[in-house]
Each structure stands twice: as C-alpha cells, then as structure tokens.
Amino acid sequence: MTSATPPIYRPPQATLLLDSQIRDWVVLPLLIIMIIAGLLRSNIGKYLRPPPKPVSRVDARGKSCLLRAARLRGGNGGYLSEARWEARRLAWSARSGEGSNNTAGWLRAEATRADVENKLQKKAESGDSPNQDIPGMPPGMGDPAAMMDGMKGNMAAMVQNMVMMQGISHFFRGFVLVKVPFPLTKGFKQMFQRGLDLTTLDTSYVSSVSWYFLVMFGLRAFFRLAMGDPLQEELEGIEIQKEMGCDYGAGPQPVGFDAPKVLKAEADNLELLTGRGRRFHVDEAERNLLGKRYPKKSKKRSSGGNGEDVLFGLPARGKQEGSRSKHKAS
Amino acid sequence: MGPEEDLPTLLSRNDHLNILRYIRAHKLREPHLVVSHGQPLLGFHSDGSTTKPSQSLDDATRLAALEQLCLASLDVGNTTLAESCLNALHAATSHSSVPKESSRYRKLLGMCLEASGKYDDAAKVYDELLEDNPSNGYAAKRKYCILAAQAGKEEEAMKALNDYLSMHPGDVAAWNQMAEACLSVSDFKGAAYCYEEVVLGCPLDSNVHMKLGEVYATAGGMENAKLARKHLAQAVQLDGNNLRAWFGLIDASEGYLMEVEQATKGKKEMEEEGVEVAKELILFGGEKLMGFYKGTRMGKFVERLLKETAESM
Numbered sequence: 001m002t003s004a005t006p007p008i009y010r011p012p013q014a015t016l017l018l019d020s021q022i023r024d025w026v027v028l029p030l031l032i033i034m035i036i037a038g039l040l041r042s043n044i045g046k047y048l049r050p051p052p053k054p055v056s057r058v059d060a061r062g063k064s065c066l067l068r069a070a071r072l073r074g075g076n077g078g079y080l081s082e083a084r085w086e087a088r089r090l091a092w093s094a095r096s097g098e099g100s101n102n103t104a105g106w107l108r109a110e111a112t113r114a115d116v117e118n119k120l121q122k123k124a125e126s127g128d129s130p131n132q133d134i135p136g137m138p139p140g141m142g143d144p145a146a147m148m149d150g151m152k153g154n155m156a157a158m159v160q161n162m163v164m165m166q167g168i169s170h171f172f173r174g175f176v177l178v179k180v181p182f183p184l185t186k187g188f189k190q191m192f193q194r195g196l197d198l199t200t201l202d203t204s205y206v207s208s209v210s211w212y213f214l215v216m217f218g219l220r221a222f223f224r225l226a227m228g229d230p231l232q233e234e235l236e237g238i239e240i241q242k243e244m245g246c247d248y249g250a251g252p253q254p255v256g257f258d259a260p261k262v263l264k265a266e267a268d269n270l271e272l273l274t275g276r277g278r279r280f281h282v283d284e285a286e287r288n289l290l291g292k293r294y295p296k297k298s299k300k301r302s303s304g305g306n307g308e309d310v311l312f313g314l315p316a317r318g319k320q321e322g323s324r325s326k327h328k329a330s
Numbered sequence: 001m002g003p004e005e006d007l008p009t010l011l012s013r014n015d016h017l018n019i020l021r022y023i024r025a026h027k028l029r030e031p032h033l034v035v036s037h038g039q040p041l042l043g044f045h046s047d048g049s050t051t052k053p054s055q056s057l058d059d060a061t062r063l064a065a066l067e068q069l070c071l072a073s074l075d076v077g078n079t080t081l082a083e084s085c086l087n088a089l090h091a092a093t094s095h096s097s098v099p100k101e102s103s104r105y106r107k108l109l110g111m112c113l114e115a116s117g118k119y120d121d122a123a124k125v126y127d128e129l130l131e132d133n134p135s136n137g138y139a140a141k142r143k144y145c146i147l148a149a150q151a152g153k154e155e156e157a158m159k160a161l162n163d164y165l166s167m168h169p170g171d172v173a174a175w176n177q178m179a180e181a182c183l184s185v186s187d188f189k190g191a192a193y194c195y196e197e198v199v200l201g202c203p204l205d206s207n208v209h210m211k212l213g214e215v216y217a218t219a220g221g222m223e224n225a226k227l228a229r230k231h232l233a234q235a236v237q238l239d240g241n242n243l244r245a246w247f248g249l250i251d252a253s254e255g256y257l258m259e260v261e262q263a264t265k266g267k268k269e270m271e272e273e274g275v276e277v278a279k280e281l282i283l284f285g286g287e288k289l290m291g292f293y294k295g296t297r298m299g300k301f302v303e304r305l306l307k308e309t310a311e312s313m
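Here the protein sequences come in this chain order: L and Z.
Heads up: the first sequence at position 316 corresponds to 316 in UniProt numbering, and the numbers run straight through without jumps.
Heads up: the second sequence at position 4 corresponds to 4 in UniProt numbering, and the numbers run straight through without jumps.
No lab work stands behind these hints: they were computed from the structure.
Cβ atoms here follow ideal geometry from the backbone N, Cα and C, with glycine treated the same way.
Zero decoy hints are in this set.
Only pairs whose alpha carbons sit at most 16 Å apart, straight line, appear in this in silico EDC-like list of lysine to aspartate or glutamate:
no.	chain 1	residue 1	chain 2	residue 2
1	L	K53	Z	E131
2	Z	K118	Z	E83
3	L	K296	Z	E272
4	Z	K27	L	E233
5	L	K261	L	D115
Examples of chain Z residues toward chain L, derived with CB under 10 Å:
no.	residue
6	T61
7	L63
8	E67
9	R104
10	D132
11	G137
12	D171
13	L200
14	K230
15	H231
16	Q234
17	A235
18	L249
19	K279
20	L283
21	F284
This is chain L alone, in the form it adopts within the complex:
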C-alpha cells in the first residue's frame, strides 16, 4: 500500500490507507448494531401491529363485485361463448335508459347503492358525533385515530431510522470507512459519499452515512434468512380473518377503497371492451377438437350463433380462422 520512498509524481487518485482502527471501531460495530436493531425492530413491530379491523359492509360488497367483474374482463371471459360474454358485459355495464328494461346495469346499480349506503352511514355517524369528519378533507383523514393505527406499524422503523441516522452522522461525520474493490464513475458519488464533500476523492471510498444505507438495504435478505418465513399458522390466520370479514390494516392509509368510484370505473371499463380481438376458446372448441376432421366449409355461409354480426357483415373470429386454415390446407 505505502512505499518506503514516496514517488515524486502521485496520481490524483492515490490509494488512501484506511486505519485498521476504523475497521475495528466503526465498520464492524456499525454492522452489528444494525443487525441487532433490525431484529429488535421486527419484534417490536409485531406488538405494535394494529389488530384486524372489520371491513365495512359497503367495502366488502364492492370488493366482491369487483372480483366478479374482473373475471369477465380478464382472460377467464374467453371460456364463455361470445354471445353469452357480450350479454353479460352489456347487462353489467349498461347506463340507465339504455339497458334491456331501461334500468342501469348491475355494476352501475351497485355503484349507486354503495354511494347511498356510504352517505347514510356518514349521516348516522355525524348524528352521533358531529365534527368527526372535517369538511374539505378526504374521507378517513378526519379521524386521527384511524390514521394512527395504520402508522403505528411503520412507526418503530421510522423512529429507529431517524435516531440511527442522526447518531451516525453525529459520531462518525466525515469518516471514510470502506473502499469497494472496483472503480466507479462519478455518478455514484451521491450514493457512496454522502456527507463527504470532496470532489477529488475516488468514488470507490464509502462514507459512514452511505455505509449505513448500504447495510440497511443489504440486510433485508439477511433478515429474511435469519428470521425465517412466518409460521404457516400465522398466514392461515390472516386468511381466515379475511374470510370472516376482517382485514389487517396494511399500509399507511387506512381508508383507500372508495367503492362507488371504483365500481363506476369498472363499469366504464366493461363498457369500452369489445369482443373483437379476444379469443373465445369455447367457440373454437369444436374446431380444435376435430382438428383435420372438421368439415370443410360449404359455399353458403351459415350465420348466427357464432357471434357473427349479421347486420354489419362483420365475420366472427372462428370463421376467419377457419378460412385461414383452409388456405393452409389447400
């Protein structure tokens, strides 16, 4: 590392000697402190996690409706015949006045219903305790207790991170702890040398605060290994709670689901879908089953039932494929 006689010309990026004391008193202790703190955090987080909260009736119903609609919209819809798929799509997404008997489609009716129920609930709540929902605030923001619940779980992590970062930048400000054994471009300076404002220092040297960040993100996989997967029974418990209409408040926002809005959006999505460009496996099933034995199409075009649009002369998908395969055969 150091030569006995220093050369006259020293390249600008000379190797620095990192004191072994730094390794013994800073790098390794930091690593150990962080591992201990991480384990502590995950254990405290367990106790701070809010108990499962019952899902409101409106939300549960809205989510279930959404699930049903998503099945039709997604790939599963291809396993109905086109005519039946189209019938369902129309029946669910029709606007009031254009449905089969001038009523709104199922999803739109559900949306209005959810809206009414939400309003009723709000009215009942405001009757009990006025000023609970502050006007002008998004729903759920008015109740500080509800917000706190979601944050409690993250609280431990946040407080700990803040304290640790303050401590490290206080005690080890300006320390260069490690050198990574490969050269890096200047772009990594922000990442590797936070808290060091030296433009000439080679980027492969890592400052103390950056070392903290690197270890923090790098340790996640280690914690997963060290703590193991959660117990099967715990995961099942969460599933059972879900089935019984309770939900663990995941994420910082306790009320993120706005049933009327989401249902309306889903109805609009369905309204915009078309059967064209969509594969209806059931409509092709007979052709696929018979393969080569499928009878060659006669001159006269048969119509109806295959999702063919008689009025505008749009051919059905199955037909197109049939003619294509016929070309191949001939």
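Dock chain Z against chain L, hints included.
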C-alpha cells in the same frame, strides 16, 4: 406454504404435525386422515381421555391443529371428539386460552351446534357474529347451510343464498351451490346462468364445462343446443378421460340435429355447416368412446348404443 415433502412421504414417516399442515396448506378434505393423525398429536384418545400431547407444540400450532381436528371430527360425525376439541380450545391449561368472544371460536361453536342438530342455537351464534361484523361472509354462509340442512325449507334456503350472493357476488362456490339449487327445482335457465358464473371463476375445470353443457342441452332450443355442443367439446378437450362429457357431447349433437329437423326450411339452410359438424362430432365421439370401452364387458352395450345413435342420424 406448507411442508416441502409430499403427503405419502409424510404418511410413511408418520409425521403427525406436518401431515395436518400439508392438508391445511393444500386445502384437502381428508377428515379421516386428520382425525387419525390429529388425535395422537394433540393427545386425544378414542375412549375420550386426554393425555399430554406427544410433542410440545407452540400455541399457534396447537390451536390451529385443534381447530382442524374439530372440523374434521364434525366431518366424520364424531361430535364427542369435536366437543372435547372445543373444550380444549378454551381450557385454561395453557396460558393462551382462546377467549369465548373470539369470532373464530364462535364459528366453531356454531358448527358444533349445527352438527348436533341444534339449529336454532347455531343460528343465534351466527346472528351475533353478523351483528358484530356485518361483512362476516362465513357466518352468512353458515346461515344458508342451516336452512339447506332442514327438509321443507328449500325456498327459504334459496332466498338466503340469493341474499348471500347479492352481498358476495364474487364467491364462485356459492354460485355453484346456487346452480345446484336451481337444478333441484328444474330451473335450467337459472342453473345455466349460475354455471356460466362458475366457468368464469374456474375456466379450466372440465366438470364445470360439462355441467354447463348439460344444462344448456336440457334447456333446449337451437342456440342452447349449439352452446351445449361447444361447452361439452371444451370439457372433453380439458380432460380427455371425462367419459360423461364424451357421452354428453354425442347426446348434445344428436339433440342439435333434432332441433334442426324441426326448424323451418330457411333456418335449416343456415344450419348446414352446423349439421356437418354435429355429425362429425357424433362419429368422433363414438370412436373415442369405443376406444375407452374396448375389451371391457361394457363394450358390447356401448357399441350397440352408439350404433343406434348413428342410425338415427
């Protein structure tokens, strides 16, 4: 989730705990296995006495196994075992006894009451659960089951199921139940609607396609006959060994041909291609079926049946 070994390995090793875990993780319904392995695991004996469990389990594991054993014993009709499980759940032997107001415990309690025929008490338990949390889907489902279990309450049961479905329209199993309820009162159109919903939920299940096809075929009409053929063809494609679907395919094609025969002349011309396909399907299905039955004692009869069908074409 679940143990990494497969069930036969676990069975040969007699690893009680992991057998129960495997059955839970894979959502199998093996009540006899659960009872025979859960009893020694939890220290229950068939004569009703209890001893210390064979291995020490932590609370979460023990309680989950108790719940599973309780349900399995209800499944095999052993209500005394179920009751002792229930008692063990809130017995104060361990420091984590289950409180009586736990909704998971009350659900089990309700099911035990149901199993011993005390429907009114069970309904009361579920009503209380629903009062605590109106979106408790499980309690709502059990309330339907109470009605369905009693003879003479079919109409009420169907109404309850209808209410449940309007609250939880995404529940595929409930749609399946509704389809069966519709079939039991010969409402084939309603059943077709419900089975369509089930197809949307599990589109790769050969049996669901088969049932939907059968319902279409029974409902009758030209369009329905075509739909029946399509869905039965799909069922056969999804599972080539589904004999019922092969028979159904032949039958539905035959039904379609009969529909065409009764149709007006203009319509008949439109269906020319369909007729060809139906005839081919009958031949194809017949050949396949003959292959399945070749060399068995049933072979002769199947051959005769198929020949009759072919001749009537």
